[in-house]
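Following the hints, complete the assembly by docking chains B and C onto the known chain A.
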Amino acid sequence: MMKRREFLIISLLVLGSIVSIFLNDIKPLPKIMDAKSLLYEVNKQGRYISTDEVAKMIMENDPSLLLIDVRSPEEYNKFSIQGAINIPADKLLDKKNRDYLDQDVYTTVLYSNGSSAADEAWMMLASYEYKGNKVMKGGLNAWYRNILNPQKPKPEKLTAELEKQYLFRKGAQIFFTGIQVSGASSANAKPKAPSKPIVKRKKKEVTGGCG
Amino acid sequence: MKIQRNKYINSYVAGFFLGLLIIAAYYFAGEGLGSSGGYRDVAIGVINTVAPEYAHQNAFVAPHVNSDEGPMHTWLVYELLGVIFGALISAAIFGRLKWTIGKAPHITNKKRLYLALIGGVLWGIGTQLGRGCTSGLVLSGMAVNSLSGYIGLIAIFGFGFLFAFIFRKLWINTKN
Amino acid sequence: MGPLYPQELLNPEYNLLIGFLIGIGFGFLLEAAGFTNTRKLAGVFYGYDATVIKVFFTAAMTALIGLFILHNMGIIDVTLTFYPKTFWIPTLIGGAIMGLGFIIGGFCPGTSLSAAASGKIDAWVFISGVFIGILGFIFTYDFIWEGLRKAGKMGKIDIAQWIGIKEGLFIFLLTIITVISFIVFQKWQDSWTKKMDKSDLDDLGL
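Residue numbers (our numbering), protein chains in the order written: chain A, 1 to 211; chain B, 1 to 176; chain C, 1 to 206.
With the rest of the complex left out, here is chain A (with noise of 0.2 Å):
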C-alpha cells in the first residue's frame, strides 16, 4: 500500500530522470587525468618557458620564480642556474618536495640537460595533477648558448628585434658569469635554496565530504 506522498516524491523523482535524458552531460569534469586528459595538458600553449625569460626574471630578482634543477645532485653540483634548487626526476613525487612543485605560488622551472629530461618531469607532475609547473626550453644547453656564451648574429640577418635579444643576451651573460666582477665564481657558487613556499594549497579546493 502506498501513501499519497510516496506516490508523489516517487513520481517527481522518475519525472525527473526522465527530463534528464534530455539534458546535457556535466561537462568538462575537472581534471580528469586520464591519457586523453594529459595529451591535452601536453599540447596546451604555455608549458615552455624561454632561457630569456628565465634570465631575465633572476636578473630581475622576481620572487615568483622557483627554479629546479631535475638532473642528478653530481650535475647539480658541477654546475647550475644561480638559485635553482635540486630536486633529481626520481625524488619529484617525494612528499617532502611536494610543496614546491604542487601550488600555485611560484612559477616553478624545470631543467635539465637538454629538453628531454625536464619534459618528461613535466608531463610526470601534470599525470599527478600537479599545476602551474613549466619547462625551460632547450634546457641548460640552450641557456649557455644563449646566455653564458650568446653569438652575435650574423649581420645578414640582423634585425632590430634579434639586436635588442642579443643586446639583452650580452647584458646577462655579464650578470651570470660575472666576467667583470669576478672571473667565473659565480656561476659555480652554491646557490641558496628559497625557502618553501608556505602557502596553504588549493586554497579555493574543498576540502572534501569524507576521508
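What the hints contain is simulated information worked out from the structure, not anything from laboratory work. Where a beta carbon is used, it is the ideal one built from N, C-alpha and C, also for glycine. Treat the hints with care, since some could be wrong.
[What the hints assert, rightly or not] Straight-line Cα separation of at most 20 Å, PhoX-like style, residue types lysine-lysine; simulated pairs: (1) Lys170/A to Lys56/A; (2) Lys7/B to Lys3/A; (3) Lys198/C to Lys7/B; (4) Lys56/A to Lys137/A; (5) Lys166/C to Lys156/C; (6) Lys169/B to Lys111/B; (7) Lys152/A to Lys170/A; (8) Lys170/A to Lys157/A; (9) Lys150/C to Lys91/A; (10) Lys153/C to Lys85/C; (11) Lys170/A to Lys154/A; (12) Lys195/C to Lys169/B; (13) Lys156/C to Lys85/C; (14) Lys98/B to Lys110/B; (15) Lys187/C to Lys3/A.
[To be verified] Calculated from the model, a selection of chain A residues having no Cβ within reach of chain C, i.e. all distances over 12 Å: (16) Glu120; (17) Met123; (18) Glu161; (19) Glu163; (20) Phe176.
What follows is chains B and C alone, placed relative to chain A:
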C-alpha cells in the same frame, strides 16, 4: 523493560528532504554532506594540539595543519555540531531522549558495547582508507555521479550483505 | 550562481553557520527517520526493515537529479564543487572494512553521532571506537597505509562517462533500478512483518 512504540517519519519524505539538504550543501558550500571527514578533522585537531611537531611530520596530518584557522574550524566539523543538535531536537520532539543501549533483544549489553567499539574502530580505519563514509563518500558521491561513490556503495553494501550473513546471530534470533 | 563559497561569494563565517544549520537538518532527519535505531540500520541487511534503503536512495536520487537539472539550468556549477576523486583500490578495500564495521558495530559515523545525541550509550562507545580507529590509522599511516591509500588512482571520474553512456540516461536507469529495489525491499520487509513479535515491531516502529 517496557518498549514503547517508536514513531518515525515517512522514509520517502525524510529521504526527499535529505536530498534537498545535500543540494543546499553543494549550493552554498560546494561541499557534500559528510561525517567521517569531520571526525578526521577533530582527530587531527587533537593531534595538532598535543603534538604539533608530530602533526607536521606525519604525511597524513601535515596537509591539514597548514591553514591559519586551525584544522578543527572546517565546514564539516560545524556541520557535525549541527547534526548533534538536530538529533537532539528530533529525539526531544518524538520523546526518544533517554539513555539506552540499542541492540537486538537476545544480545547482552556488555556484548553489544564491545561490538560497538570494534565496529567503530573498523569504521575509523575504513573511512580514512576509503576516503569517506556512507554520507561523504557514497551519498555525496552519488549526488554528483562520481564513480568513487558507486564503488563505495557496492563495497559497503555488497560486503555488508556478505558479513551480515556470516554474523546473522548478532541481529537475528535464529532460535525462533 | 552556485556553489557560492568556492567562488568567494559567501564569507567564511556565514559558510560555517550554514554548515551548522544544514547539519541540524541532517541530524534531525536522521533521528526522525529512525537512523538512530541500530536495529533498523542492521535491518536492511536482513530484510526486516527497508527504511535505510528508502531514505538513502530517495536522498541520493533527489540530490542527483536535482543537481543535474540545476546544473543544466545554470544555477549551480557542479564542476566547482567537492567532486570525489576515484581511487578504486582503497575505496573497495575500505568499503569492505566499513561493511564489516556496519554489521559488527551497527552504525556508521553519521548515524552514530545522532544516536549518541539522543542518548544511545552504544553509539558513544562506537564513536570512541571511530576515533581510536582514525588515530590508529594516522599513527601507522607512514608505514602501512600510504601506498595503499594512493593506489588505483583514476582522477575525477563520472560513472556515466566511464561506462560510456549519457549521464541523463544513466540517471534514468538508476531511478528505475531504485524504484524496483524499493518494491523488492518493501516486499521483503512485509514478509518479515508477518512473523515478527509485536515488541520487535514496536521497537522498529513498523
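Outcome of the hint check:
Distance restraint check for Lys170/A and Lys56/A: the Cα-Cα separation of roughly 12 Å lies within the 20 Å cut-off, and the hinted pair is therefore satisfied. Straight-line distance between C-alpha atoms of Lys7/B and Lys3/A comes to about 17 Å, which keeps the hinted pair within the 20 Å bound. The straight-line distance between the Cα atoms of Lys198/C and Lys7/B is roughly 14 Å, inside the 20 Å bound, and the hint therefore holds. Only pairs whose Cα atoms come within 20 Å are accepted, and Lys56/A paired with Lys137/A is accepted, the gap being roughly 14 Å.
Simply put, Lys166/C and Lys156/C have alpha-carbon atoms about 17 Å apart, close enough for the 20 Å limit, and the pair holds. Distance hint between Lys169/B and Lys111/B is fulfilled; the C-alpha atoms sit about 12 Å from each other, no more than 20 Å. Note on Lys152/A and Lys170/A: the hinted pairing holds, with a Cα-Cα distance of about 9 Å set against a maximum of 20 Å. For the proposed pair Lys170/A and Lys157/A, the alpha carbon gap of about 18 Å is at most 20 Å, so the pair holds.
Restraint check: the Cα-Cα separation between Lys150/C and Lys91/A comes to about 17 Å, which is no more than 20 Å; the hinted pair holds. Proposed proximity of Lys153/C and Lys85/C is supported: the alpha carbons are some 8 Å apart, at most 20 Å. A hinted pair counts as satisfied when its Cα atoms are at most 20 Å apart, and Lys170/A with Lys154/A qualifies at roughly 15 Å. Straight-line distance between C-alpha atoms of Lys195/C and Lys169/B comes to about 18 Å, which keeps the hinted pair within the 20 Å bound.
Taking the CA atoms of Lys156/C and Lys85/C, the gap is near 4 Å; set against the 20 Å cutoff, the hint holds. At most 20 Å may separate the alpha-carbon atoms for a hinted pair to count; Lys98/B and Lys110/B meet this at roughly 19 Å. Restraint check: the Cα-Cα separation between Lys187/C and Lys3/A comes to about 15 Å, which is no more than 20 Å; the hinted pair holds. For Glu120/A, the non-interface assignment is confirmed: its Cβ lies about 19 Å from the closest Cβ of chain C, beyond the 12 Å cut-off.
For Met123/A, the condition that its CB be more than 12 Å from all CB atoms of chain C holds, with the nearest at approximately 15 Å. With a least CB separation of 42 Å from chain C, Glu161/A remains clear of the 12 Å interface cut-off, as annotated. The Cβ of Glu163/A lies farther than 12 Å from every Cβ of chain C, with a closest approach of about 47 Å, so its non-interface assignment holds. Annotated as non-interface, Phe176/A keeps its C-beta farther than 12 Å from every C-beta of chain C; the closest such distance is 40 Å.
Of the numbered hints given earlier, the model fails none.
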